[in-house]
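Take the sequences, apply the hints, and build the full model.
Chains as they are written, first to last, in the numbering used here: chain A, 13 to 371; chain B, 13 to 371; chain C, 13 to 371; chain D, 13 to 371.
The reader is advised that the hints may include incorrect statements.
One copy or two, it doesn't matter: identical chains are merged, so the pair holds either way.
Cut-off 25 Å, straight-line C-alpha distance, at most; resulting in silico cross-link-like pairs (DSS-like, lysine-lysine) [stated by the list, open to error]:
#, residue 1, residue 2
1, 152, 17
2, 17, 248
3, 225, 269
4, 225, 248
5, 225, 19
Hint data in this document are derived by calculation from the structure and do not stem from the laboratory.
Protein chains: 4
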Amino acid sequence: MPVSKRKVAVLGASGLVGQRLVRSLVGHPWFEVVALGGSKRRAGTPFRDVLHPLGSGDLHGAAVPQELADMRLLECEPGAAFDCDIVFSALPAEVAEQVEPAFAQAGYAVVSNARTYRMDADVPLVIPEVNHDHIALVEKQRRERGWRGCIVTNPNCSTIALTLTIAPLARKFGIEAVQVTTMQALSGAGLSGPSALDMLDNVVPYIGGEEDKLETEPQKLLGTLAAGSIEPMDIKISAQCNRVSTVHGHLECVAVKLGSRVEQDELLAAWAEWHPLQDAGLHLPSAPAQPVIYLQEPNRPQPRVDRDLENGMASIVGRLRPDPILDYKFVALGHNLARGAAGGTLLLAELLHASGAID
Amino acid sequence: MPVSKRKVAVLGASGLVGQRLVRSLVGHPWFEVVALGGSKRRAGTPFRDVLHPLGSGDLHGAAVPQELADMRLLECEPGAAFDCDIVFSALPAEVAEQVEPAFAQAGYAVVSNARTYRMDADVPLVIPEVNHDHIALVEKQRRERGWRGCIVTNPNCSTIALTLTIAPLARKFGIEAVQVTTMQALSGAGLSGPSALDMLDNVVPYIGGEEDKLETEPQKLLGTLAAGSIEPMDIKISAQCNRVSTVHGHLECVAVKLGSRVEQDELLAAWAEWHPLQDAGLHLPSAPAQPVIYLQEPNRPQPRVDRDLENGMASIVGRLRPDPILDYKFVALGHNLARGAAGGTLLLAELLHASGAID
Amino acid sequence: MPVSKRKVAVLGASGLVGQRLVRSLVGHPWFEVVALGGSKRRAGTPFRDVLHPLGSGDLHGAAVPQELADMRLLECEPGAAFDCDIVFSALPAEVAEQVEPAFAQAGYAVVSNARTYRMDADVPLVIPEVNHDHIALVEKQRRERGWRGCIVTNPNCSTIALTLTIAPLARKFGIEAVQVTTMQALSGAGLSGPSALDMLDNVVPYIGGEEDKLETEPQKLLGTLAAGSIEPMDIKISAQCNRVSTVHGHLECVAVKLGSRVEQDELLAAWAEWHPLQDAGLHLPSAPAQPVIYLQEPNRPQPRVDRDLENGMASIVGRLRPDPILDYKFVALGHNLARGAAGGTLLLAELLHASGAID
Amino acid sequence: MPVSKRKVAVLGASGLVGQRLVRSLVGHPWFEVVALGGSKRRAGTPFRDVLHPLGSGDLHGAAVPQELADMRLLECEPGAAFDCDIVFSALPAEVAEQVEPAFAQAGYAVVSNARTYRMDADVPLVIPEVNHDHIALVEKQRRERGWRGCIVTNPNCSTIALTLTIAPLARKFGIEAVQVTTMQALSGAGLSGPSALDMLDNVVPYIGGEEDKLETEPQKLLGTLAAGSIEPMDIKISAQCNRVSTVHGHLECVAVKLGSRVEQDELLAAWAEWHPLQDAGLHLPSAPAQPVIYLQEPNRPQPRVDRDLENGMASIVGRLRPDPILDYKFVALGHNLARGAAGGTLLLAELLHASGAID
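Written out as structure tokens, the structure is:
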């Protein structure tokens with residue numbers, strides 16, 4: 013272990029995403045968890061007492077070490093108890109609203125999975141493989157808000173799965189329109205998600221707020237940073253979001269209209285050859301070797317079978333074929349928890365660390 | 013019981029659709045089952061011995077009466093044993109290929125759920141509410157093929173759910189394009205469908221042949237009969253079909269491009285006011301009072317909750333809203349077995365009977 | 013409609029059991045719903061606004077009529093608004109504790125599904141087929157408590173399924189011990205039951221308080237009323253209760269030690285010939301024609317396939333065979349909602365009405 | 013890699029158990045796969061072409077290396093192509109009947125998961141933690157059958173989960189009777205198990221042949237080897253077996269009658285202190301550090317949450333409490349595939365290797 017691991021804290025450690033994050037940080041080469049934040053009501057409770065059996069998020073082999081299990085939850089207020097540089101926020105959106113700016117103002121780099129500030133003009137919304145350059149927006153944010161710290165945000169889980177697959181197409185061929193219908197897993201709704209009685213032998217064709225996020229976040233992610241602000245990509249997105257009975261893994265049926273006439277093989281090549289982090293010389297510990305994996309079998313990807321490929325950090329694609337209305341259609345799968353929530357947030361912190369944006 | 017019930021037979025009585033059909037015919041006001049056909053191997057077996065616990069297709073209260081249960085399966089060959097006018101075919105497609113023409117030639121009216129002849133130019137493919145006039149095609153069929161009987165066909169189950177919802181829009185406003193992503197129930201795959209080990213905590217984004225049917229059958233159904241042939245409607249359809257863990261009820265996320273600029277309320281009115289059979293003076297016993305039912309709740313329709321409305325014979329619609337790429341999007345639900353396979357075939361036989369196309 | 017239907021009310025009308033009860037009462041030959049009670053917070057709300065999509069409990073064809081849907085929920089306090097003789101209580105146990113005695117004291121006959129008073133010495137706990145004579149206990153209850161009304165109680169849902177199957181054996185052969193392991197359906201936990209994330213690809217081997225109920229209630233149900241009190245049957249019961257992913261229908265693996273040496277055929281006959289209500293001249297509208305149905309197939313009963321037999325009012329039994337430790341083992345299935353909660357409560361009210369215990 | 017890894021083959025490599033076995037052998041410290049056997053029909057097919065997406069059995073991180081994927085399936089006949097000492101048999105029982113003796117006669121040590129020869133008097137049926145001494149029976153087997161090789165067998169998956177939990181109790185306190193009701197996972201039925209249509213919203217209270225295995229195999233496993241034969245333990249076992257909708261992990265509700273009066277804490281201690289392999293100086297690579305793990309939480313063990321503890325090689329126990337009929341009851345969980353089928357067979361081969369029974 014190097015002497016100088018960077019100290020981090022996790023806010024919202026009693027939720028599904030927070031617990032998965034904590035476990036993902038066990039043995040991390042760059043980061044070391046020194047504090048955990050929970051609700052006021054839970055302050056003082058040892059972490060072990062809020063550990064939920066599902067909190068591992070099927071992160072196999074990642075038990076919580078003794079000293080983390082013994083760590084007592086702190087109230088989420090900046091101060092000496094949070095003796096660290098980075099705070100991960102897995103807070104509910106309405107709690108994040110007050111807490112995240114307070115930490116940013118107090119000098120912490122807040123790396124957030126909450127939706128609250130994602131679409132703010134001076135807040136980077138970043139998928140490292142897609143738009144790592146947007147991280148530079150924190151300079152403007154600090155200047156304008158007078159903060160020593162900053163807030164950077166991880167997109168919605170269904171957004172990440174989609175955007176990883178369309179980014180290489182957008183970069184190479186342009187994209188004008190995207191139709192996407194999702195079949196989203198239960199863990200995306202957290203520990204207080206839908207009841208088994210509602211879901212068994214059923215599909216719920218509605219997830220509150222989800223379609224709006226999926227229709228707008230990719231525009232910002234694929235946008236261009238110029239003169240200190242993001243020009244969103246001009247791309248029409250239509251989303252229909254469904255909750256289905258899978259534990260993890262959002263499956264998405266996608267159709268795209270490209271900016272130019274392209275052969276099917278060119279799309280496959282665009283995915284296969286896309287290694288943007290490696291090309292940028294960014295070697296982040298949690299980054300997948302292959303961010304988009306194409307499966308040849310006619311009936312893949314499938315959530316239970318394929319979600320753990322690349323430790324769940326990649327988007328898995330299959331069934332590419334022409335679309336009679338737009339240009340091409342395909343199926344995409346992304347692990348909503350391993351990548352979407354916990355892993356995406358961690359990767360973003362690694363980018364922030366590697367980019368030198370925090371001292 | 014009136015003296016003059018029309019005698020019918022069911023071919024393929026050992027499958028899920030065949031068994032549901034037989035039960036749907038118990039107590040039918042116009043039809044009386046006099047013979048049941050099965051595979052050569054099963055000829056002579058009493059129907060009770062092939063009855064599967066799932067064969068009721070959740071048709072509540074419809075036990076199989078003693079005399080039907082005692083009926084012995086016949087080999088599927090026209091002859092004296094089939095002493096009837098109409099034979100329902102719930103045969104596998106490859107078996108239907110030989111058997112159905114044999115019966116048609118021998119003078120039977122074959123009302124088929126098999127996909128084999130659906131797209132033949134002189135074979136009516138009919139949803140009574142959508143294109144009951146196409147039944148007239150049997151005249152040409154008889155003439156050209158020299159048959160005394162005929163073959164008329166019921167569309168694929170996912171086609172019916174979709175076409176019932178877009179037909180009133182097509183009639184009133186025109187339709188240019190339809191994007192549809194389905195989440196289809198297990199009973200659509202019959203008794204030998206996917207294994208529980210494959211489906212639990214999973215979605216399979218592929219159903220063999222299904223997308224092709226869903227992209228072509230509505231064009232014929234919405235087409236125009238003129239000069240003895242069908243001119244398909246010029247409508248682009250793109251389908252993505254998925255198998256999910258529901259027992260019955262295909263859920264479909266649909267987006268449509270209409271032929272003219274239309275307000276949202278006009279679509280709702282088009283659905284609410286659509287009673288084509290009643291308007292045509294066709295009073296078929298199995299027809300739903302309301303073929304398209306719109307639900308106001310933001311998270312409906314749902315398969316388990318809504319599939320049994322109107323005895324499963326209607327398409328249930330919800331979540332109508334503008335689409336950023338095409339014009340509108342919505343969610344549709346159809347009971348694949350109650351309407352799609354068994355009910356649609358029965359309704360078609362009722363139309364054939366009522367239309368006077370058989371003597 | 014006969015002039016003289018007895019007026020009834022349903023308390024707890026916003027829960028799963030309450031809603032199923034209300035629907036079961038639609039068109040009832042003896043009873044007419046005149047009032048609905050809910051929580052203080054919901055007082056004044058029209059019933060239609062609390063109707064849950066699952067509230068029908070799969071009671072097919074039982075829509076809620078206009079005048080019931082319009083009925084406004086009342087606070088659960090005895091008074092003029094409750095212009096009726098019988099109040100059904102589908103209240104949570106802790107609410108029932110105050111509310112039920114208040115109604116009983118005010119002269120109402122309270123027919124309760126709550127567990128609160130079931131084991132009280134002067135409160136009848138009754139399955140009409142098993143111990144309809146225990147209803148006489150209300151006389152003692154009224155006398156001792158000085159009530160004009162009364163409280164009678166319906167057992168726990170898993171108790172009913174079990175007790176219906178062992179009662180005829182106990183009556184005929186005696187029973188000394190019962191081992192039972194249950195696999196209980198989700199609807200048994202009501203609308204706020206376990207989350208889908210907890211249940212998918214899982215079984216939870218624990219249901220709070222359930223094993224205690226299942227080990228004690230049958231002793232009282234099978235007990236003897238003498239000198240105004242119940243002598244419980246001396247029978248050892250060991251229960252292990254599990255929650256599984258079924259919508260309705262508690263499946264129970266049972267082993268019994270009988271009071272005498274009995275051949276297997278004698279058990280089958282004991283079940284087949286058991287028609288206690290009919291034998292007692294009690295013709296209750298909701299009573300099943302056959303309270304215990306034995307299925308011969310080696311792999312039955314199964315929850316989804318068999319739970320709706322006899323409108324869900326019977327216990328379905330199968331797989332009777334010798335037990336190496338006790339005497340015999342078998343599998344039993346009971347519909348926890350159709351019979352266990354709503355149907356059992358309704359049947360009990362019918363018994364109370366028919367027995368003349370209320371004027 | 014040491015020079016001298018022992019060469020092994022896997023027969024039945026196209027099934028679920030065979031594929032999991034092959035993957036478990038990747039990187040094994042003692043064994044090296046040199047041949048794979050399949051059905052006659054598949055002979056010559058590269059292993060990669062029969063790899064099923066579920067064949068990993070959720071063995072995370074265990075991809076099949078190139079040279080194994082390229083290996084062509086051989087017909088299952090002893091000969092030069094099988095250049096190895098040990099053959100694992102994951103064959104169907106009826107195929108194993110001929111194939112296993114042929115290999116044993118030809119000098120191979122056959123380590124089998126098939127049920128065919130388990131109960132033969134001269135065939136060791138072994139769970140290494142329970143009865144590793146029974147392996148000595150191979151001497152008698154070789155002598156009597158004139159074989160150079162031998163057959164040793166792994167018990168049924170539900171047997172292993174149960175027997176691991178009762179063995180330490182039997183050794184320490186004696187056991188007279190065991191009541192067990194199982195809720196078994198889908199992967200226990202292999203790739204051609206029950207259909208999703210049969211299992212969704214359902215439990216099937218029957219598994220062909222399973223109860224008989226579970227009632228007899230533990231008697232042999234807990235028996236005593238004396239004078240070259242096994243004296244079965246005199247213990248009454250009653251089993252009721254159910255198939256439920258879980259992917260992996262058989263859950264078992266158990267009640268036991270012990271041979272002596274014992275306090276609850278003594279049972280907990282018996283489980284906690286039981287390390288029979290370590291005590292015998294047997295250090296087998298796949299053996300769990302703790303073969304029986306007790307969970308304190310009131311609602312555990314649960315299949316999805318707990319099946320992967322100790323790499324799925326342990327039995328997980330919980331809810332120990334007095335039983336009103338026998339002495340104690342508890343809940344046990346065993347991973348049917350990781351331990352029950354593939355892992356148990358591998359551990360047995362390790363025992364055979366370590367015991368010096370093969371040269």
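Practice task
Measure nothing new, just compare the shortest in-copy and cross-copy C-alpha distances for residue 152 and residue 17 to 25 Å and report within, between, both or neither.
Solution key: Classified as neither; 27 Å inside a copy, 62 Å across copies.
Problem - Identical-chain pair category, residue 225 with residue 269, by Cα at 25 Å - result: Classified as both: same-chain Cα gap 20 Å, cross-chain 23 Å, threshold 25 Å.
Practice task
If the cutoff is 25 Å on CA atoms, where do residue 17 and residue 248 land: within, between, both or neither? Let me know, please.
Solution key: For residue 17 and residue 248, the Cα distance exceeds 25 Å both inside one copy (43 Å) and across copies (58 Å).
Practice task
Since the copies are identical, ignore which copy is meant and state whether residue 225 and residue 19 lie within 25 Å (CA to CA) inside a copy, between copies, both or neither.
Solution key: Classified as neither; 31 Å inside a copy, 52 Å across copies.
Problem - Status of residue 248 relative to residue 225 across identical chains (alpha carbons, at most 25 Å) - result: within (13 Å within a copy, 28 Å between copies)
In this structure, the hints that do not hold are numbers 1, 2 and 5, in rising order.
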